[in-house]
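Could you put the whole structure together from the sequences, leaning on the hints where they help?
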Amino acid sequence: MPFKHNAARRHRIGKMKFKVTNWAEYEAGLRRRGSLTLWVTEEALSLWQAPKRSTRGGQPRYSDLAIETALTLGSVLGRDFARRRVY
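To convert, count from 1 in the sequence shown and add 401; that's my numbering.
Keep in mind that the hints were calculated from the coordinates and are not lab data. If you're wondering where the values come from, they're calculated on a predicted model, not measured in any experiment. Every residue, glycine too, gets a C-beta built ideally from N, C-alpha and C. Treat the hints with caution; some may be incorrect.
Unchecked claim - Pair by pair, the computed Cβ-Cβ distance ranges are:
id	residue 1	residue 2	range
1	Arg462	Lys405	54 to 60 Å
2	Gln450	Leu474	16 to 22 Å
3	Ser436	Glu469	19 to 25 Å
4	Glu428	Ala408	27 to 33 Å
5	Glu469	Thr438	47 to 53 Å
6	Ala467	Trp424	38 to 44 Å
7	Arg457	Trp424	27 to 33 Å
8	Leu437	Ile468	15 to 21 Å
9	Trp449	Lys405	56 to 62 Å
10	Lys453	Arg413	48 to 54 Å
11	Ala408	Arg462	53 to 59 Å
Structure (structure tokens):
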């Protein structure tokens with residue numbers, strides 16, 4: 402048995418502690434787990450867009466509010482939202 406030496410480290414996913422009887426509800430709960438709803442005011446939406454560029458090309462400009470929101474969400478959720486595109 403050549404690979405028995407690492408057998409203790411190989412299986413990292415633990416076994417389920419209970420048996421799922423209602424799979425539809427279980428999977429719906431898994432989908433809801435990643436859901437996030439944000440409420441945005443009309444005032445924030447009007448401040449979201451940065452002024453249009455007067456020159457051609459270059460990097461897109463984002464408003465200060467959009468940058469602060471992305472950094473705040475990133476620190477709260479532990480993800481790097483600052484590198485994502487905002488449309």
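Each hint, compared with the structure:
Between Arg462 and Lys405 the Cβ separation comes to about 59 Å, which falls inside the hinted range of 54 to 60 Å. A hinted range of 16 to 22 Å for the beta carbons of Gln450 and Leu474 is consistent with their spacing of about 18 Å. Judged by the Cβ atoms, the range 19 to 25 Å given for Ser436 and Glu469 holds: they are separated by roughly 23 Å. Restraint check, Glu428 to Ala408: a C-beta distance of roughly 31 Å satisfies the suggested window 27 to 33 Å.
The hinted window of 47 to 53 Å between Glu469 and Thr438 is violated, with their beta carbons roughly 20 Å apart. For Ala467 paired with Trp424, a C-beta distance near 40 Å keeps the hint of 38 to 44 Å intact. A hinted range of 27 to 33 Å for the beta carbons of Arg457 and Trp424 is inconsistent with their spacing of about 55 Å. Here the CB-CB span from Leu437 to Ile468 is close to 19 Å, well matched to the stated 15 to 21 Å.
The hint said 56 to 62 Å for the Cβ distance between Trp449 and Lys405, and at roughly 58 Å that hint holds. As the Cβ distance of Lys453 to Arg413 is approximately 50 Å, the hint placing it in 48 to 54 Å holds. The supplied range of 53 to 59 Å is met by Ala408 and Arg462, whose beta-carbon atoms lie about 55 Å from each other.
Violated hints for the displayed structure, listed by number in ascending order: 5 and 7.
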